[in-house]
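Asker: So the sequences go chain by chain: G and R. Sequential numbering of the first sequence, starting at 1, is according to the working numbering. Sequential numbering of the second sequence, starting at 1, is according to the working numbering.
Since the hints were derived computationally from the structure, they do not count as laboratory data. Hints should not be assumed to be uniformly reliable.
[To be verified] Take a look, some chain R residues computed to stay more than 10 Å from chain G by CB distance:
1. 1
2. 34
3. 43
4. 45
5. 62
6. 67
7. 73
8. 81
9. 93
10. 126
11. 190
12. 237
[Stated by the list, open to error] Pair ranges (Cβ atoms, derived):
13. 155/R - 385/G: 46 to 56 Å
14. 168/G - 124/R: 46 to 56 Å
15. 197/R - 437/G: 40 to 50 Å
16. 378/G - 194/R: 23 to 33 Å
All C-beta atoms, glycine included, are put in the ideal place defined by N, C-alpha and C.
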Amino acid sequence: MSMSLVNSNTYLESLLQGQPRLPASPLAWFNQLRANAVDHAGRLKLPTTRDEEWRFTDLSPLARQSFQPARAAAAQQAADVEHFSVAEAAIRLVFVDGKYMPQLSTPAERLGNRGLIVTNLSSAITANAEAIEPHLGQYARFEDNLFAALNTAFLHDGALVIVPRGAAIDTPVHVLLIATQPEVASHPRCLFIAEAGSEVTILEDYVSLNEAVYVTNAVTEIAVGDNARISHIRVQRDSTEAFHIGNCAVSLAHASRYRSVSVALGARISRYDLNTGLDAEDAECVIDGLALINGRQLADTHSSIDHAKPNCTSRQLHKCIADGSAHAVFNGKIMVRAGAQNTDSAQSSRNLLLNAKARIDTKPQLEIFANDVKCAHGATVGQLDSEELFYLKSRGLSGVTARNLLTYAFGAEIIDRIPIASLKYRLEQTVLEQIKKN
Amino acid sequence: MIHQDSKTILEVSGLQAAVDGVEILKGVDLIVKSGEVHAIMGTNGSGKSTFAKVLAGHSAYQVTGGSVLFEGQNLFDLEPEERARAGVFLAFQYPIEIPGVSNSHFLRLAYNTLQSQRGKDELDPLEFEDFVREKMKLLEMNPNFLDRGVNEGFSGGEKKRNEILQMALLEPRLAILDETDSGLDIDALRIVTNGVNKLANKDNAIILVTHYQRMLNYIEPDYVHVMRGGRIVKTGGKELALDLETRGYDWLGVERRAPASA
Ligand SMILES: Nc1ncnc2c1ncn2[C@@H]1O[C@H](COP(=O)(O)OP(=O)(O)O)[C@@H](O)[C@H]1O
Ligand SMILES: [Mg+2]
Numbered sequence: 001m002s003m004s005l006v007n008s009n010t011y012l013e014s015l016l017q018g019q020p021r022l023p024a025s026p027l028a029w030f031n032q033l034r035a036n037a038v039d040h041a042g043r044l045k046l047p048t049t050r051d052e053e054w055r056f057t058d059l060s061p062l063a064r065q066s067f068q069p070a071r072a073a074a075a076q077q078a079a080d081v082e083h084f085s086v087a088e089a090a091i092r093l094v095f096v097d098g099k100y101m102p103q104l105s106t107p108a109e110r111l112g113n114r115g116l117i118v119t120n121l122s123s124a125i126t127a128n129a130e131a132i133e134p135h136l137g138q139y140a141r142f143e144d145n146l147f148a149a150l151n152t153a154f155l156h157d158g159a160l161v162i163v164p165r166g167a168a169i170d171t172p173v174h175v176l177l178i179a180t181q182p183e184v185a186s187h188p189r190c191l192f193i194a195e196a197g198s199e200v201t202i203l204e205d206y207v208s209l210n211e212a213v214y215v216t217n218a219v220t221e222i223a224v225g226d227n228a229r230i231s232h233i234r235v236q237r238d239s240t241e242a243f244h245i246g247n248c249a250v251s252l253a254h255a256s257r258y259r260s261v262s263v264a265l266g267a268r269i270s271r272y273d274l275n276t277g278l279d280a281e282d283a284e285c286v287i288d289g290l291a292l293i294n295g296r297q298l299a300d301t302h303s304s305i306d307h308a309k310p311n312c313t314s315r316q317l318h319k320c321i322a323d324g325s326a327h328a329v330f331n332g333k334i335m336v337r338a339g340a341q342n343t344d345s346a347q348s349s350r351n352l353l354l355n356a357k358a359r360i361d362t363k364p365q366l367e368i369f370a371n372d373v374k375c376a377h378g379a380t381v382g383q384l385d386s387e388e389l390f391y392l393k394s395r396g397l398s399g400v401t402a403r404n405l406l407t408y409a410f411g412a413e414i415i416d417r418i419p420i421a422s423l424k425y426r427l428e429q430t431v432l433e434q435i436k437k438n
Numbered sequence: 001m002i003h004q005d006s007k008t009i010l011e012v013s014g015l016q017a018a019v020d021g022v023e024i025l026k027g028v029d030l031i032v033k034s035g036e037v038h039a040i041m042g043t044n045g046s047g048k049s050t051f052a053k054v055l056a057g058h059s060a061y062q063v064t065g066g067s068v069l070f071e072g073q074n075l076f077d078l079e080p081e082e083r084a085r086a087g088v089f090l091a092f093q094y095p096i097e098i099p100g101v102s103n104s105h106f107l108r109l110a111y112n113t114l115q116s117q118r119g120k121d122e123l124d125p126l127e128f129e130d131f132v133r134e135k136m137k138l139l140e141m142n143p144n145f146l147d148r149g150v151n152e153g154f155s156g157g158e159k160k161r162n163e164i165l166q167m168a169l170l171e172p173r174l175a176i177l178d179e180t181d182s183g184l185d186i187d188a189l190r191i192v193t194n195g196v197n198k199l200a201n202k203d204n205a206i207i208l209v210t211h212y213q214r215m216l217n218y219i220e221p222d223y224v225h226v227m228r229g230g231r232i233v234k235t236g237g238k239e240l241a242l243d244l245e246t247r248g249y250d251w252l253g254v255e256r257r258a259p260a261s262a
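Please put together the full structure from these sequences, using the hints given.
Answerer: So, in structure tokens, the structure goes:
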């Protein structure tokens, strides 16, 4: 990714200056990582639509907005948080405007899971430096990614999950990031590590208590060890006035498996970059996504699946539903490196336009440098099927009901893949309500 | 059953309809009264399905002439869903699959829509489950079809049963069954036609569209019509179907040209 120069960099300066000085860490490597990132953040420019990677996503509304660090978080009503609780998740980490809220959280140690670490990064980093250092900042590259650089420059807190060798965690881990204050910029940083042969389901859940303007600039790094499995559900239901920039970088070790379902419903402008590295043989990823937007929302998903080693499998289904004058973007890159023989990859982008003023841009991007590979891909953009509508109406369903039912079904195919029943149900209700509003 | 004093359910006069500017129906006349079973036969391409879909209100077909009264009301004043709620039902020749829409949810929505239209109680999911299972027994359908998407992955015969299941739930005043027999083996044909016979009564009417006489062995028609080139060219009793079976359609002595070139 290259970013062209914008005329002035005052926006970034103000953003950098607006952040509190972070205390130096006793860990030299950590201070170095941050210093590097500060350096890069100072040099990189805010991307514009002249940058190929940001062609459809105009960030000028973000540049016009001023943000500040979060003020001391108001005491959150437990009831506000319970509204978002997920029954199946016995482990929960709650962050409010980027700040860890121990009183609202149930970290792993309270459950007595031996060796499992689920807590906030800043409190655990010194004690677990040895486990963290090989991963933190290693996957989410920031040399040419301003937002990852900013996140790393401000790297302070976020969720830390370390699943010890061979452990299968039978409860989902719920990382709940709640936005409550207007004009706040938060930079949550999450690190999920599944050691060899372990298994865990993690829900990364961005919500908001109101319709405020704020910016969330999140970075998540995920390391899946040999034969380990991570199921990662990411839900973005931010305020429809907010800006959400998310970068997630995943590295898969030998015969490991990464399963991702991401759902984007909120934010005025959202951008999610998911970079998955199949970095060892026999690894497998299944990556599904849904963006359901309306009004003047923009949701941009950029995914990259890197077949770096032979015998890996990737599956991807991404769906966008755009109503009103919303704009959805999907860019799906599949890279098959030289030597990554016997790659098996399939990508499908399916899109539903519900309004003549809405817009969807989808771009599969295949870069194949090996010869013995199977790469299927396809993209469709369409409206609701008139034969399906007629069939439903011929049974007495109103035009509106028929439309809602079909729109819902289109999105439900992705939501159905979420392995947490109560969340699935909740999202289905949300989607149904959102569709009915239109 | 023909009764002298039955009410007229459907009155089609000089109906003309076109697809993409090509006229397909060229003046169809038909009167259907309550309690009656009408068979419409004819070779492929004669316009039977077009006629059925025009009655159901499919937007691909433009009505270019003639009129249709349904229980005295101009059918073309009604949207497809209003026709369904008024009691018109079409069992499609090729029922489409709607993946992702659960069959049970769809059936319940349709059923409850009709119930509220008729001023009757709607059923909640549990009550409906019991109710629909009873109806499925009539058609010897496996209840697991409820958990699938609408017609999703159903075989041809299973789709046809699902159509008749919908007929059983919606209890239409006029049911048009378009080639419901095709894709059914003999056992399934017996089950499905038996179901249809149970649904037929003195207050409703059925139009059976078929090009085989086979189904008429199970559902006895009061009238048999022959459609050809977008018109009903001959009407008789059930013995006409047997004539057609042995002699084909050519003896009717009507123009042999294809409708499009006529
Ligand atoms: N949607 C359509 N688009 C174009 N042509 C059609 C369409 N539906 C029917 N036709 C044409 O109309 C004629 C009658 O078709 P149809 O009503 O399906 O006949 P039948 O059901 O008697 O076999 C055929 O020539 C067919 O090709
Ligand atoms: Mg036909």
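Asker: Next step is simple, just say for each hint if it's right about the structure.
Answerer: Tested hints:
1. 1: About 27 Å separates residue 1/R from the closest Cβ of chain G, which puts it past 10 Å; holds.
2. 34: Nearest chain G Cβ is 21 Å from residue 34/R, so the label holds.
3. 43: holds (25 Å)
4. 45: holds (20 Å)
5. 62: holds (15 Å)
6. 67: holds (21 Å)
7. 73: Label holds. Min Cβ-Cβ 16 Å, cutoff 10 Å.
8. 81: It is violated; residue 81/R is separated from chain G by about 4 Å at its closest Cβ, not greater than 10 Å.
9. 93: Consistent with the label, residue 93/R stays out of reach of chain G, its closest Cβ about 12 Å off (over 10 Å).
10. 126: holds (17 Å)
11. 190: holds (26 Å)
12. 237: Label holds. Min Cβ-Cβ 31 Å, cutoff 10 Å.
13. 155/R - 385/G: 46 to 56 Å: violated (22 Å)
14. 168/G - 124/R: 46 to 56 Å: violated (39 Å)
15. 197/R - 437/G: 40 to 50 Å: Holds, at about 46 Å.
16. 378/G - 194/R: 23 to 33 Å: The hinted range 23 to 33 Å is violated for residue 378/G and residue 194/R, with Cβ atoms some 44 Å apart.
Hint check: violations occur at hints 8, 13, 14 and 16; the rest are consistent with the structure.
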